[in-house]
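Q: When you get a sec, could you build the whole thing from the sequences and use the hints?
Protein sequence lines, in the order shown, are assigned to chains A and B. Read in order, the letters of the first sequence correspond to residues 4 to 792 in my numbering. Read in order, the letters of the second sequence correspond to residues 65 to 336 in my numbering.
Read the hints as simulated data drawn from the structure, not as lab findings. Keep in mind the model is a prediction, meaning the values are calculated, not measured. Do not rely on the hints blindly, as some may be mistaken.
To be verified - With a cut-off of at most 30 Å between alpha-carbon atoms, the simulated DSS-like pairs for lysine-lysine come out as follows:
#1 A/LYS621 <-> A/LYS734
#2 A/LYS482 <-> B/LYS220
#3 A/LYS761 <-> A/LYS266
#4 A/LYS414 <-> B/LYS220
#5 B/LYS220 <-> A/LYS758
#6 A/LYS411 <-> B/LYS284
#7 A/LYS761 <-> B/LYS232
#8 A/LYS482 <-> B/LYS284
#9 B/LYS150 <-> A/LYS758
#10 A/LYS758 <-> B/LYS178
#11 A/LYS75 <-> A/LYS88
#12 B/LYS178 <-> A/LYS482
#13 B/LYS232 <-> A/LYS414
#14 A/LYS482 <-> B/LYS232
#15 A/LYS414 <-> B/LYS284
#16 B/LYS284 <-> A/LYS607
#17 A/LYS482 <-> B/LYS94
#18 A/LYS791 <-> A/LYS265
As a plain string of letters, each chain reads:
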Amino acid sequence: MLIKTIFRTVLLFVIVIGTSYQARSQEKLTLNGYIRDASNGEELIGVTAYVTELKGGSASNHYGFYSITLDKGTYNVVYSYVGYKNLTKTIELNSNMSLNIELQPDVTELTDVIITAEKEDVNIEDIKMSSQSIDVNQVKLLPALFGEADIIKNVQMQPGVISAGEGTSGYFVRGGTSDQNLILIDEAPIYDPSHLFGLFSVFNADVIKDSELIKGGIPAQYGGRLSSILDVRTKDGNNKKLEGSAGIGLLSSRVMLEGPIKKDASSFIFSARRSYVDVLTAGATDGNKVYFYDLNGKINWRKNNNNRFFIAGYFGRDVQKFGDDGSFGWGNGTATFRWNHLFNDRLFSNTSLIYSNFDYNLEITDPTQGLNWSAGIRQAMFKEDFTYYLNPSNEISFGYHGSYRKFKPGKIAPNSDNSIFETTILENYQALDHALYIGNEMRVSDNLTLQYGLRYSIFQNVGASTIYEYEDPQDNINKTRVDSTEYGNFETIKVFHNLQPRFSARYKLDATTSLKASYNRMVQNVHLLSNSVVSLPFNTWWPSSPYIGPQLSDQVALGYFKNLNDNAYEFSSEVYYKKLNNLAVFADNANVFFNMDLPVEIRKGKSDSYGLELYLKKNKGNLRGFVSYTLSKTEMDISGVNNNIQFPASHDRRHNLSIVGTYVVNDKWTLGSNFVYNTGRAFTLPVGKYEMDGYNLDYFTGRNQYRLPDYHRLDLSATLNSRKNKDRKWKSSWTFAVYNTYNRKNPFTIYTRTKQDKDGNILGDGTEKEARLIYLFPVLPSITYNVKF
Amino acid sequence: MKKVIIIVFSIFFFACEEGIILDVNQVESKVVIEGLITNRPGQQYIKIGKTADFYSSGTNPAVSSAQVSVSDDLGNTYTFSESTEKPGLYLPSAAFTGQVGRIYNLDIDIDGEKYTASEELLGVANIDSLTYGLNEEEFSDPEDEGRFYNVFVYTKEPQDEDNFYLFKFYRNEEWLNDNGEDITVTDDVAIGEAIEGLELPEYHSVGDSVSMEMYSLTQKEFIYWSDVANLIFSDGGVFSPLPANPRSNISGGALGIFQVSAVSSSYVLIEE
Numbered sequence: 004m005l006i007k008t009i010f011r012t013v014l015l016f017v018i019v020i021g022t023s024y025q026a027r028s029q030e031k032l033t034l035n036g037y038i039r040d041a042s043n044g045e046e047l048i049g050v051t052a053y054v055t056e057l058k059g060g061s062a063s064n065h066y067g068f069y070s071i072t073l074d075k076g077t078y079n080v081v082y083s084y085v086g087y088k089n090l091t092k093t094i095e096l097n098s099n100m101s102l103n104i105e106l107q108p109d110v111t112e113l114t115d116v117i118i119t120a121e122k123e124d125v126n127i128e129d130i131k132m133s134s135q136s137i138d139v140n141q142v143k144l145l146p147a148l149f150g151e152a153d154i155i156k157n158v159q160m161q162p163g164v165i166s167a168g169e170g171t172s173g174y175f176v177r178g179g180t181s182d183q184n185l186i187l188i189d190e191a192p193i194y195d196p197s198h199l200f201g202l203f204s205v206f207n208a209d210v211i212k213d214s215e216l217i218k219g220g221i222p223a224q225y226g227g228r229l230s231s232i233l234d235v236r237t238k239d240g241n242n243k244k245l246e247g248s249a250g251i252g253l254l255s256s257r258v259m260l261e262g263p264i265k266k267d268a269s270s271f272i273f274s275a276r277r278s279y280v281d282v283l284t285a286g287a288t289d290g291n292k293v294y295f296y297d298l299n300g301k302i303n304w305r306k307n308n309n310n311r312f313f314i315a316g317y318f319g320r321d322v323q324k325f326g327d328d329g330s331f332g333w334g335n336g337t338a339t340f341r342w343n344h345l346f347n348d349r350l351f352s353n354t355s356l357i358y359s360n361f362d363y364n365l366e367i368t369d370p371t372q373g374l375n376w377s378a379g380i381r382q383a384m385f386k387e388d389f390t391y392y393l394n395p396s397n398e399i400s401f402g403y404h405g406s407y408r409k410f411k412p413g414k415i416a417p418n419s420d421n422s423i424f425e426t427t428i429l430e431n432y433q434a435l436d437h438a439l440y441i442g443n444e445m446r447v448s449d450n451l452t453l454q455y456g457l458r459y460s461i462f463q464n465v466g467a468s469t470i471y472e473y474e475d476p477q478d479n480i481n482k483t484r485v486d487s488t489e490y491g492n493f494e495t496i497k498v499f500h501n502l503q504p505r506f507s508a509r510y511k512l513d514a515t516t517s518l519k520a521s522y523n524r525m526v527q528n529v530h531l532l533s534n535s536v537v538s539l540p541f542n543t544w545w546p547s548s549p550y551i552g553p554q555l556s557d558q559v560a561l562g563y564f565k566n567l568n569d570n571a572y573e574f575s576s577e578v579y580y581k582k583l584n585n586l587a588v589f590a591d592n593a594n595v596f597f598n599m600d601l602p603v604e605i606r607k608g609k610s611d612s613y614g615l616e617l618y619l620k621k622n623k624g625n626l627r628g629f630v631s632y633t634l635s636k637t638e639m640d641i642s643g644v645n646n647n648i649q650f651p652a653s654h655d656r657r658h659n660l661s662i663v664g665t666y667v668v669n670d671k672w673t674l675g676s677n678f679v680y681n682t683g684r685a686f687t688l689p690v691g692k693y694e695m696d697g698y699n700l701d702y703f704t705g706r707n708q709y710r711l712p713d714y715h716r717l718d719l720s721a722t723l724n725s726r727k728n729k730d731r732k733w734k735s736s737w738t739f740a741v742y743n744t745y746n747r748k749n750p751f752t753i754y755t756r757t758k759q760d761k762d763g764n765i766l767g768d769g770t771e772k773e774a775r776l777i778y779l780f781p782v783l784p785s786i787t788y789n790v791k792f
Numbered sequence: 065m066k067k068v069i070i071i072v073f074s075i076f077f078f079a080c081e082e083g084i085i086l087d088v089n090q091v092e093s094k095v096v097i098e099g100l101i102t103n104r105p106g107q108q109y110i111k112i113g114k115t116a117d118f119y120s121s122g123t124n125p126a127v128s129s130a131q132v133s134v135s136d137d138l139g140n141t142y143t144f145s146e147s148t149e150k151p152g153l154y155l156p157s158a159a160f161t162g163q164v165g166r167i168y169n170l171d172i173d174i175d176g177e178k179y180t181a182s183e184e185l186l187g188v189a190n191i192d193s194l195t196y197g198l199n200e201e202e203f204s205d206p207e208d209e210g211r212f213y214n215v216f217v218y219t220k221e222p223q224d225e226d227n228f229y230l231f232k233f234y235r236n237e238e239w240l241n242d243n244g245e246d247i248t249v250t251d252d253v254a255i256g257e258a259i260e261g262l263e264l265p266e267y268h269s270v271g272d273s274v275s276m277e278m279y280s281l282t283q284k285e286f287i288y289w290s291d292v293a294n295l296i297f298s299d300g301g302v303f304s305p306l307p308a309n310p311r312s313n314i315s316g317g318a319l320g321i322f323q324v325s326a327v328s329s330s331y332v333l334i335e336e
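A: Here it is as structure tokens:
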């Protein structure tokens, strides 16, 4: 009821502004439309429509839509986007006008590999800061582990981002933990982006159109996680002609097909990827099978300029079979239905229905210890987003996001007659989540733009669940339940209200220089129950509940942005300070493995992080790429952990440097390279040892007081385009890559054991210990064959 | 967990490991107490020592001349005195055995520093029987020459109470704990009543005498041993929890455990 009232009020507010504005100035007219790629009909995101007479304009949104409100008159509008030819239209605006634009790809640049980048001067003009766009076309040319192009690995090299470790898909943004990153595919959340325990991510580079990592200055339409948003949008499918591509790599093969259903009106895209590690390993490890697959599909229908529909889906799964002993699997499935609708020339709406599911299962086949273990989280979501192009100076966004989640932390069931196990289910939880937001991007003057907004979130933890009260909720040794309350289905257990202000400002010093500042508060009501550095797929999620309150983050950031050499180079420097409050962290020694009394293991705390990020990107010419350097510090302060003493977070790494580049040698060869350097992970090491009933145990005095050795690695790649490509439809290329070129033994982790030789025979009297360092990848060559047709 | 992770990565043939010398800070050593009271004669002892440098050899440096006593909730007090052969090992001055249902209190005084603990001796189910059978797969390709027999246990898990267990397995009296890298400790969550033919670890050969001990644990004792298990299985904290000292049931700031258990055991001789 409350929500409905607020929603109506907001709507009313907007309508009032809108109508009063219209009443005052009848002469205002609107120019709007969609901007597309002329070669395949893909909508282009972030294209500038610059009105010369106005010295300003607008940019196309996530759906390729733009709208400019102008006085009656004649204008020259320049549509521009890097990688495309500029298009100038002279427009006589006598009435509201719809003008769809098709931009021609700029293929005069070497080879037909089009490196899309941002529009000109975007980093100066745009109010956005602390945001990195991941160029998927460049990612495809860069060396990758086993030749598998992966945008997450590129995300891990961006400024302000720290990789959770080699061969993982986890990353930490500006001092946040990895569960604080919201990962979206076509607006649907992905709860675990990893394949093969993180060696690869769920994102198949073939279908990705646009991906952006937002670390700060987060606008009001985003919410739900504390630290970042990775917004990945897939291609709509070519609506001009049937096209496809396929790739064969060492580890996986993939195929993608796209084309029109009805030319210029509807299109489809479908892709599949399947690994064959099981083929590679089958001979060596008898009966063991390891594989994953991904399916992406999308159907896109433009009914008319005012109504557009999409249905997009993703389904992926990992399967690991351990001979006859059992299997382990996990996967995500998402579905998005979207309807873009133009209510009138200036009110654009996006309605989405979204579904996301993540689950894992472990099966042990054994006559007496046989069991099936399953757990997961499911989410259904409704989103209504509006953009109101009030006038050239104000662009208002508002909307409502509602979702339902079901959390299934775990279920064990016996799968053999003589199994010692009995069916046991950990308490399930349900939650309803509502968010209302409103924001405005306001051009105050030619130099100053402000963006301000407010997001109001209401999170309801609802039954059916039983909530226990503990004698001492912090005592994880004498776990004593003193009371319990049962809640019926959808009966409210606890409600959390949070207001999240957002603010950004951009001040242009001159045409190529600007200063930006931002503040944002974020709230997180879903909590990943993990107590390791790298989260495993068998970690589970929990809602905010009487046991855990919402986690909060406040971040301020300042930035200096400069473009050099006519946009050939863009430079930015940002400083940030982020404070996380009410963090839910596990106590030392917490048992998170099928624990019926998990609430007593949870501790609350805060974290402080601050840093400096430097970023230089080269957008033009044969050599392109970026250099990113981050200096940062993150400390945590958790009551009941590490004797209440502040300690460095595991993802506290002082220096972090990435150099990424591609070089087009000629129309045959393109070279690529990554170099990464970072300070070693903060690490807990023993300071002594002792014997206890035959066990040699390590003795610890503090958490994360040591550092692993520094991490650094160089990867190289070369892509060979067939000379014959020019004259034929079938275009092929080979990518040769070397991972960890100089074979650095980068430490993955250190563990200790009783001193022994390499055959496992104990050395000495069995009381001596030794430390062992595990490193994952030596120098690894790979080869991939790609075709486009 | 360490094993699982190493297996997962080894599947790709790429994970490698090598020795590394830790640059370990010198810290003050800490008192380590290992105490056991059971319902079996001759098993009662308290060991007191100290932590040692990581790279040292030998058992814990002994703490001698401590005052050690155990009392129960009926007012009986049993004093312990230090063994003359093994410094740091304290044995009851007059032999006694623990009784199911009694609460035992530990009192230690080391130069004025007091350490105390208190635990109830909980009952434990009987092991109905151990049986054995030839494992065909192992028979055709034994890892250790001649060892291809599995041993199975039959018992009941009482469903009307929360139980915690520690298991020890022996082959010809030799404790099988994989050089201190394996431990079997469990609660009874998700475990049903009938335990029929549960396979014990390791394979055995004809003529081996295989035995098993089942110790009852209190919740606090279970927490201690499951923390020890986490530490033993830790891969250094990437996929497993950050390592920490196991939560002791002894107050006063010592490491270790005062374990009060009932024990049931069974054995089987493997014949052709």
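Q: What's the verdict on A/LYS482 and B/LYS220, does the C-alpha distance respect the 30 Å limit or exceed it?
A: 25 Å, holds
Q: Does the alpha-carbon distance linking B/LYS220 and A/LYS758 stay inside the 30 Å limit?
A: Given that 30 Å is the threshold and the Cα spacing comes to 39 Å, the pair is violated.
Q: Does the alpha-carbon distance linking B/LYS284 and A/LYS607 stay inside the 30 Å limit?
A: 23 Å, holds
Q: Can you confirm whether the C-alpha distance between B/LYS150 and A/LYS758 stays at or below 30 Å?
A: 24 Å, holds
Q: Would the hint linking A/LYS414 and B/LYS220 be met if the CA-CA limit is 30 Å?
A: 23 Å, holds
Q: Keeping to a limit of 30 Å between CA atoms, is the pair of A/LYS791 and A/LYS265 held or broken?
A: 22 Å, holds
Q: Starting from A/LYS75, check that the Cα of A/LYS88 is at most 30 Å away, please.
A: Roughly 28 Å between the alpha carbons, so the hint for A/LYS75 and A/LYS88 holds.
Q: Between A/LYS621 and A/LYS734, is the straight-line Cα distance small enough, at 30 Å or below?
A: At roughly 27 Å apart (the allowed maximum being 30 Å), A/LYS734 and A/LYS621 satisfy the hint.
Q: Mind checking the alpha carbons of B/LYS178 and A/LYS482 for me, to see if they're no more than 30 Å apart?
A: 26 Å, holds
Q: For A/LYS411 and B/LYS284, compute the direct alpha-carbon distance and say whether it is at most 30 Å.
A: Given pair A/LYS411, B/LYS284 holds - Cα atoms ~28 Å apart, limit 30 Å.
Q: What's the verdict on B/LYS232 and A/LYS414, does the C-alpha distance respect the 30 Å limit or exceed it?
A: Status holds; Cα separation ~29 Å.
Q: For the pair we were handed, A/LYS761 and B/LYS232, check the Cα-Cα distance against 30 Å.
A: Within the cut-off at roughly 27 Å; holds.
Of the numbered hints stated above, those contradicted by the structure are hints 3, 5 and 10, listed in ascending order.
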